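The whole structure should be built from the sequences, with the hints applied where relevant.
Residues per chain, in single letters:
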Amino acid sequence: MADDLKIVGTDITKFYGKTQVLFDLSFEIELNQRGVVGLIGPNGAGKSTIMRLLSGITTLSAGDLTLVNSTNTVELGPWSRSNSFYAPAGERGLRNKLTVMDNLKYFSALRRDNYEQVSQNAVHYAELLNANTLLAKEFGKLSTGQKKKAEIIVAVSLNTKLLILDEPSTGLDINAQEDLMDLIDTIAQMHEKKIIISSHDPNFIAKSVNQYLFVSAGRIVKTVPKQMTEEMLVAQYKSLFGVVEK
Amino acid sequence: MSKFKTLTNMISVELEMEVKSKAKYLVATLADFTVFTFAYLAVLFFSDTGDLNTVYRTNDGVMLILIGYMFWTLGVMAMDLSTQTIEADSRAGILETELQSSFPLWFLMLIRVWVLIVLTGLYLLILGIITGAMTGVSIGTVVVITFEVLLISIISNIGMFGIGLIFGAGSLIFKSVGTWATLLQTGILLIANVGSNYSSNLQALIPFGLGIEITRSLFLGRQISLATIMGYLAVNLVYLLIGILIFNGGLRHERKFGSFERF
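Chains A and B, in that order, give the protein sequences. Residue numbers for the first sequence, in the working numbering: 176 to 421. Residue numbers for the second sequence, in the working numbering: 9 to 271.
Each hint should be verified, as a subset may be incorrect.
Claimed, not checked - Derived DEER-like restraints, expressed as beta-carbon distance ranges: (1) Ser-10(B) <-> Asp-179(A): 31 to 37 Å; (2) Thr-187(B) <-> Ser-414(A): 46 to 52 Å; (3) Thr-45(B) <-> Asn-305(A): 55 to 61 Å; (4) Gly-148(B) <-> Lys-316(A): 42 to 48 Å; (5) Ile-137(B) <-> Asn-305(A): 51 to 57 Å; (6) Gln-364(A) <-> Pro-112(B): 35 to 41 Å; (7) Ala-237(A) <-> Gly-257(B): 18 to 24 Å; (8) Val-396(A) <-> Val-246(B): 49 to 55 Å.
As the list claims (entries may be wrong) - Selected chain A positions facing chain B (Cβ under 10 Å, derived; list incomplete): (9) Phe-198; (10) Leu-235; (11) Gly-268; (12) Leu-269; (13) Lys-336.
No lab work stands behind these hints: they were computed from the structure. The model shown is predicted, which means the values in this text are computed figures rather than measured ones. Backbone N, C-alpha and C define an ideal beta-carbon position, used for all residues, glycine too.
Okay, here's the thing in structure tokens:
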């Protein structure tokens, strides 16, 4: 990625039908700095809506969402559709009747990736998540936690510059959550891949995230451009949103 | 990979995955075919075979109905696929990824249509053999008819797929349009030349109207006019283009005002 590449959102609003769900959001996300951006806020805050905009799946109702470097400013959507991967929240994101590897084959074809290479990635990341046995299994027959792992393995294995993970820890037990954050940390540090994750669980994302966007009721209520300890993050979450959700 | 290679790779992977998925949904597919068989029996019951025999100067009226029914069934399958794919894929959460692909969604659905068409073709062959056995038509003749229908219906299936895309756009925006699609398919069955003769040029506006007549003419060993062939191609091309335009408009609308996730 270019040295000074960043995503710039300016006065973004978004309507679902006649209902306004995002209100005048402005933010910057540096793509050249390794690390993880955390979208944090309670359920229904607008995190998934922001992620869909960032991945180019949906478009703005008003405002600007651009990709900026020292010489150029272009609309983010078309770039994102080629360079990002959005993994939705919940037990969703892969074809139910296919195995995890078949899903990987399908998504790599959709993205024009080299399947041989991404399948090697998948085997490697599955080992890191202690999930080797999942690869040959049918997605629809996996448990909630296994489905989440499978979805993450496919997402991180594909060749993308921007990986957008919506509530990736939901459904995972404590050990699996730790494995997942280790994996996200490893990918963020070792690869040319920027990761954006959303969570309503500050305990989960404190370890790896180094830029925070706190979201509430469709607004970014605070940004913190640095890593925070778990205690600091929980305190910040409580002061902004009240009770910490699990 | 070159553009051509990525395109052929996408087609082969989509075909492979659709075959694997369909194999897992065998019970649902068989249930669909059972419903279609009842529709076939209803068409046979309500059609006037004697009238068909008189108009077409033949004794194979039942086979002419079979040809019409085959076109209708394949067309319905092609039409339904858009709404089914959109509803199933948004529930599964993969519509988002498919929308991020540089391959248009309508193109991915068009590949899936062919898997469904081949499967339905096998069902129609069995139905044709049974019909042939009951009316004294040889298996060889039924195989030829089925092959000709599958080949000629490529054009009308594309047209029906185009109409399906219009419903697909509706499905993106209004979420559930299946009932309206079923109503239209039933209406088409009643007014088209499926169980009757070609009696009005308005029937040419139905995607498979002229396709049925072309295949019936082939079966009866009659000449087919160039105007019929050109009309058949033109009608279906128009439906496909209108379908793609409206579907892309629906996608743009949903990108701007929707989330693709409200099922």
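We went through each hint and held it up to the structure:
For Ser-10(B) and Asp-179(A), the Cβ-Cβ distance of about 32 Å falls inside the hinted range of 31 to 37 Å, so the restraint holds. A beta carbon spacing of about 51 Å between Thr-187(B) and Ser-414(A) agrees with the range 46 to 52 Å that was offered as a hint. A hinted range of 55 to 61 Å is violated for the C-beta pair Thr-45(B) and Asn-305(A), which are about 49 Å apart. Between Gly-148(B) and Lys-316(A) the Cβ separation comes to about 44 Å, which falls inside the hinted range of 42 to 48 Å.
Between Ile-137(B) and Asn-305(A) the CB atoms are about 53 Å apart, so this pair conforms to the stated range of 51 to 57 Å. At about 36 Å, the CB distance of Gln-364(A) to Pro-112(B) agrees with the hint of 35 to 41 Å. In this structure the hint that Ala-237(A) and Gly-257(B) lie 18 to 24 Å apart at CB holds, the actual value being about 20 Å. Range check, Val-396(A) to Val-246(B): about 52 Å between beta-carbon atoms, so the 49 to 55 Å window is met.
With its C-beta approaching chain B no nearer than about 16 Å, Phe-198(A) sits outside the 10 Å limit, and its interface hint is violated. Because the smallest distance between the Cβ of Leu-235(A) and any Cβ of chain B comes to about 8 Å, under 10 Å, the interface hint for this residue holds. Evaluation of the Gly-268(A) hint against chain B yields a held restraint, the C-beta minimum of about 5 Å falling below 10 Å. Annotation: Leu-269(A) was flagged as interfacial toward chain B, and the flag holds, the nearest CB pair being 7 Å apart, inside 10 Å.
Interface restraint check for Lys-336(A): the shortest CB-CB distance to chain B comes to about 13 Å, outside 10 Å, so the restraint is violated.
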